[in-house]
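J.: Each chain, letter by letter, is given below.
Number of protein chains: 2
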Amino acid sequence: MKRIVLLTCMFLTHFFATTQSTQVNTYIQANQKRIIGELMNFLKIPNHAKDAGNIQMNAEFIFKDMERRGISNVQLLYPASKRINPAVYGEYLVPDATTTLVFYAHYDGQPVSPEKWHASLEPFKPVILNGKVETGAKTITLDEIDTKRYPDARIYARSSSDDKSGVMAILNAFSALQSAGITPGINIKFFFEGEEEAGSPHLEEILSAHTALLKSDAWIICDGPVHQSGRNQLVFGVRGDVNMEITVYGPTRPLHSGHYGNWAPNPGLLLVKLLASMKDENGFVTIKDFYNDVLKLTDKEKQALAKIPPIDSMLMKELGFIRPEMKNIGLSEALNLPSLNINGIESGKSGTSAANVIPVSASAVLDLRLVKGVDWKQQQERVVQHIRDQGFFITEQEPDMQMRSTYPLIAKVRLEKGYNAQKTDMQLPVMQKIILGLQKTSQTEWLLQPGLGGSLPLYVFEKVLNVYPVTLPIANHDNNQHAENENILISRFLEGISIMANLMILSSDK
Amino acid sequence: MKRIVLLTCMFLTHFFATTQSTQVNTYIQANQKRIIGELMNFLKIPNHAKDAGNIQMNAEFIFKDMERRGISNVQLLYPASKRINPAVYGEYLVPDATTTLVFYAHYDGQPVSPEKWHASLEPFKPVILNGKVETGAKTITLDEIDTKRYPDARIYARSSSDDKSGVMAILNAFSALQSAGITPGINIKFFFEGEEEAGSPHLEEILSAHTALLKSDAWIICDGPVHQSGRNQLVFGVRGDVNMEITVYGPTRPLHSGHYGNWAPNPGLLLVKLLASMKDENGFVTIKDFYNDVLKLTDKEKQALAKIPPIDSMLMKELGFIRPEMKNIGLSEALNLPSLNINGIESGKSGTSAANVIPVSASAVLDLRLVKGVDWKQQQERVVQHIRDQGFFITEQEPDMQMRSTYPLIAKVRLEKGYNAQKTDMQLPVMQKIILGLQKTSQTEWLLQPGLGGSLPLYVFEKVLNVYPVTLPIANHDNNQHAENENILISRFLEGISIMANLMILSSDK
Numbered sequence: 151m152k153r154i155v156l157l158t159c160m161f162l163t164h165f166f167a168t169t170q171s172t173q174v175n176t177y178i179q180a181n182q183k184r185i186i187g188e189l190m191n192f193l194k195i196p197n198h199a200k201d202a203g204n205i206q207m208n209a210e211f212i213f214k215d216m217e218r219r220g221i222s223n224v225q226l227l228y229p230a231s232k233r234i235n236p237a238v239y240g241e242y243l244v245p246d247a248t249t250t251l252v253f254y255a256h257y258d259g260q261p262v263s264p265e266k267w268h269a270s271l272e273p274f275k276p277v278i279l280n281g282k283v284e285t286g287a288k289t290i291t292l293d294e295i296d297t298k299r300y301p302d303a304r305i306y307a308r309s310s311s312d313d314k315s316g317v318m319a320i321l322n323a324f325s326a327l328q329s330a331g332i333t334p335g336i337n338i339k340f341f342f343e344g345e346e347e348a349g350s351p352h353l354e355e356i357l358s359a360h361t362a363l364l365k366s367d368a369w370i371i372c373d374g375p376v377h378q379s380g381r382n383q384l385v386f387g388v389r390g391d392v393n394m395e396i397t398v399y400g401p402t403r404p405l406h407s408g409h410y411g412n413w414a415p416n417p418g419l420l421l422v423k424l425l426a427s428m429k430d431e432n433g434f435v436t437i438k439d440f441y442n443d444v445l446k447l448t449d450k451e452k453q454a455l456a457k458i459p460p461i462d463s464m465l466m467k468e469l470g471f472i473r474p475e476m477k478n479i480g481l482s483e484a485l486n487l488p489s490l491n492i493n494g495i496e497s498g499k500s501g502t503s504a505a506n507v508i509p510v511s512a513s514a515v516l517d518l519r520l521v522k523g524v525d526w527k528q529q530q531e532r533v534v535q536h537i538r539d540q541g542f543f544i545t546e547q548e549p550d551m552q553m554r555s556t557y558p559l560i561a562k563v564r565l566e567k568g569y570n571a572q573k574t575d576m577q578l579p580v581m582q583k584i585i586l587g588l589q590k591t592s593q594t595e596w597l598l599q600p601g602l603g604g605s606l607p608l609y610v611f612e613k614v615l616n617v618y619p620v621t622l623p624i625a626n627h628d629n630n631q632h633a634e635n636e637n638i639l640i641s642r643f644l645e646g647i648s649i650m651a652n653l654m655i656l657s658s659d660k
Numbered sequence: 151m152k153r154i155v156l157l158t159c160m161f162l163t164h165f166f167a168t169t170q171s172t173q174v175n176t177y178i179q180a181n182q183k184r185i186i187g188e189l190m191n192f193l194k195i196p197n198h199a200k201d202a203g204n205i206q207m208n209a210e211f212i213f214k215d216m217e218r219r220g221i222s223n224v225q226l227l228y229p230a231s232k233r234i235n236p237a238v239y240g241e242y243l244v245p246d247a248t249t250t251l252v253f254y255a256h257y258d259g260q261p262v263s264p265e266k267w268h269a270s271l272e273p274f275k276p277v278i279l280n281g282k283v284e285t286g287a288k289t290i291t292l293d294e295i296d297t298k299r300y301p302d303a304r305i306y307a308r309s310s311s312d313d314k315s316g317v318m319a320i321l322n323a324f325s326a327l328q329s330a331g332i333t334p335g336i337n338i339k340f341f342f343e344g345e346e347e348a349g350s351p352h353l354e355e356i357l358s359a360h361t362a363l364l365k366s367d368a369w370i371i372c373d374g375p376v377h378q379s380g381r382n383q384l385v386f387g388v389r390g391d392v393n394m395e396i397t398v399y400g401p402t403r404p405l406h407s408g409h410y411g412n413w414a415p416n417p418g419l420l421l422v423k424l425l426a427s428m429k430d431e432n433g434f435v436t437i438k439d440f441y442n443d444v445l446k447l448t449d450k451e452k453q454a455l456a457k458i459p460p461i462d463s464m465l466m467k468e469l470g471f472i473r474p475e476m477k478n479i480g481l482s483e484a485l486n487l488p489s490l491n492i493n494g495i496e497s498g499k500s501g502t503s504a505a506n507v508i509p510v511s512a513s514a515v516l517d518l519r520l521v522k523g524v525d526w527k528q529q530q531e532r533v534v535q536h537i538r539d540q541g542f543f544i545t546e547q548e549p550d551m552q553m554r555s556t557y558p559l560i561a562k563v564r565l566e567k568g569y570n571a572q573k574t575d576m577q578l579p580v581m582q583k584i585i586l587g588l589q590k591t592s593q594t595e596w597l598l599q600p601g602l603g604g605s606l607p608l609y610v611f612e613k614v615l616n617v618y619p620v621t622l623p624i625a626n627h628d629n630n631q632h633a634e635n636e637n638i639l640i641s642r643f644l645e646g647i648s649i650m651a652n653l654m655i656l657s658s659d660k
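Protein chains in written order, with my numbering: chain P, 151 to 660; chain F, 151 to 660.
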């Protein structure tokens, strides 16, 4: 019964929205070269969260762009404690609107390793290729851009998908409405963060200082990829995240492996033994209590999950492997478990620059993802305890000779700050309204994900502002987010603008 | 009885040689600034064995230097198959001499990682410091050089100890004799190799093409460090050596660790599991048959070993560790066993450039040292078989999609070429003569090492020329050979010249 009501509603809404949606799409189509050109200019500004000078340049770029578009009350919101990495705020308030949505994206990006990028690419020199770089796709110019002619055209650059395309999709959606003379059905607030990839260390501080300014009914988080099947999705939760770095030690100076090998302790060996002890032969984490405290999925969440198209086989084929890490655990189940990923390992040198030495130290960076119920500090401490249980003395400093002469095994552990997982109830009235509004943009039913594998510090909205976020990704799933050769499919970016515009049209009283 | 004869002999020889030794030392003392300046100029030429242009520059530098010193028949000996990395040859023949010694050193060096060197140092910009760089030692100029005033002065540069100081010690020893008007007691041949650090791939070819030119009674290999106790040593054997690189695979493109972590296989995890499986908890290699075929030490060798001063505790204190890698195995015992060292491991990025990704591959370079009896090819194959036994499909190529869709675990193994261990019988008459000749330079008894931990392809002299080598190191043991901050203690370098000169004085009929 409920389903029939919903479908009827959807049909009416779709009919009602058709003219406005068409106007929006016409605008996007007519202006695509300019829109893409603007995104590419934005991508030229390096944006590692710890690169203060360039971060400020990015913030100012957005600031000017928002003012130019006629957005009101544009301002840089700095953390109270430090004048770094401002969030860029702006608003467009509609007299009769009763619903207020904050549109969020972030403008900072992950660190880059330019030498890992394809020889023809540089992280901050965006180019358009007619397909994937690995398949030898050719460069096309901005003038040649036409998503009908080049349906697989992509912009390659750091943050092309994560998450500068989010920023620009939101801003262009607003401009599309303005140009078409469409009045938004809601109050729109814009909030672009500048240190999400650094773990949003000051987000809470910024929100706390501006609770009145940021008053709203929900946050729309434009980040992450659409479903791997290509279908649009709304995501009602994210995993928590915390990193840590472990360094173990060999001799105080690098030693010739012939004169000292297998006598002086090799830190690479100590590290592989330690890391290997963290997972069993079936890929499950062996650290004590690691899977404790996990909240089980509700029935509603299980139902939503059941509608998600199966993609494991397709993905495995695309990604070139036939055995997942955890035995008998599929992707969606894996994403609802806490995880431990070895981001990086380094000991000595490999490849052609490898020398026959025993290095002085070896280190690894771990990424722990957390699901609802698991506390990040406690999870980190479980890993530390595991290292201790393997016989290591734990230190936060480089070991000195005194420490070295006391403990046979020493691990320096650098604990980064993290945050917990977050979940939004998809039955909340404002969430139901958003679902309905978005459904207008597509004949295909939107997927409703109880939780995404990725992490954003979304718990903070609930904690500080008592409001819930929902994540609305626009990027293609094969975007190489966080890694080399990051890219955004241009057709997805343009569709993202359309989606955001339709969400802004959302009539608050329907 | 034999001992009394030996001591009497030593005393007489020492007395006989005193005047000439003093002349040599006076020359070295008077010319030390020029000698050190020449070594520093030599160190400015980069010398990675695969850097063809610079290798040629090094060879030409030596060529000119030898001609300038009055050495005869100077020539570049190229491998027949390729015009690369020549050995530089020269000779000084004495009419009545009945003994011919070839003095060997190599002019190429290990690869460098400049970013790992101390901030004040660059591998190919040699500087003199008044002590170790790690202790904040100050730079001193060439003009200030005085080994009495600065006994711990060191030259920092790649190959300062390994092995350009060897080349220059030999050449300056010859000049010292010339300047003092001392006629050598033997025929001297010079042979400076240019690809030792690359595993001497063409040494056999060069020797084979010049067997008549290189006819001799023994080779003096000037390479490696003196004993850690600071005492001089002669080394009668070296371990064999062979490297290999292992690469294991994750997804075909780097993946976001939140969206795919613990589902897509992490190559870092695969690699640590694989490497960890190669050694047991006590540090012993677990690879099947790894310790087979090892020839036991003879009684004579055991007696010589018993005279070596114990250094394990001193070294462990200096190197900052209290537990050696193999339980209950001391350094000298470890050096007489085959070894497996993890030179380098790389997966993703570590430190501040670590990103939250599952990398596409992870790799490690292994260094296998071999003792007499163990064949390098067979040892390499044992490691490959071990990898296979852990479930990996072995390939020499990057895996393609077909391979990826067939095997759950794939390891690309790159096998480098290696060589076997070598041993010289210290009872051979020419070796006894050399021992006696060297003893003249010192009141302290020379140590006689049955074998060094390090490797040189010395088997080739026996194989091609039917002659035996003995290794005579001059470098300080804390020279950071093969690694960052390589250095030579200037006093050791100057003593090295004196040692080589005394060996050249060696009367062939005594």
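Please keep in mind that the hints were generated in silico from the structure rather than gathered at the bench. Here the structure is a predicted model, which is why all the values come from computation and not from measurement. Mixed in with the good hints there might be a few duds.
A pair holds if it fits inside one copy or across any two, identical chains being indistinguishable in the list.
[To be verified] With a straight-line cut-off of 20 Å between C-alpha atoms, the simulated SDA-like cross-links for lysine to any residue are:
| no. | residue 1 | residue 2 |
| --- | --- | --- |
| 1 | K446 | T291 |
| 2 | K423 | G433 |
| 3 | K288 | Y557 |
| 4 | K183 | D550 |
| 5 | K467 | D550 |
| 6 | K452 | Q378 |
| 7 | K450 | E355 |
| 8 | K467 | L559 |
| 9 | K457 | Q582 |
| 10 | K298 | R218 |
| 11 | K183 | I295 |
| 12 | K477 | L559 |
| 13 | K275 | T545 |
| 14 | K423 | D539 |
| 15 | K232 | E284 |
| 16 | K423 | L271 |
| 17 | K562 | P579 |
| 18 | K423 | H536 |
| 19 | K467 | V510 |
J.: Hints broken by the structure, by number, lowest first?
T.: 1, 3, 4, 7, 10, 13, 15, 16 and 17
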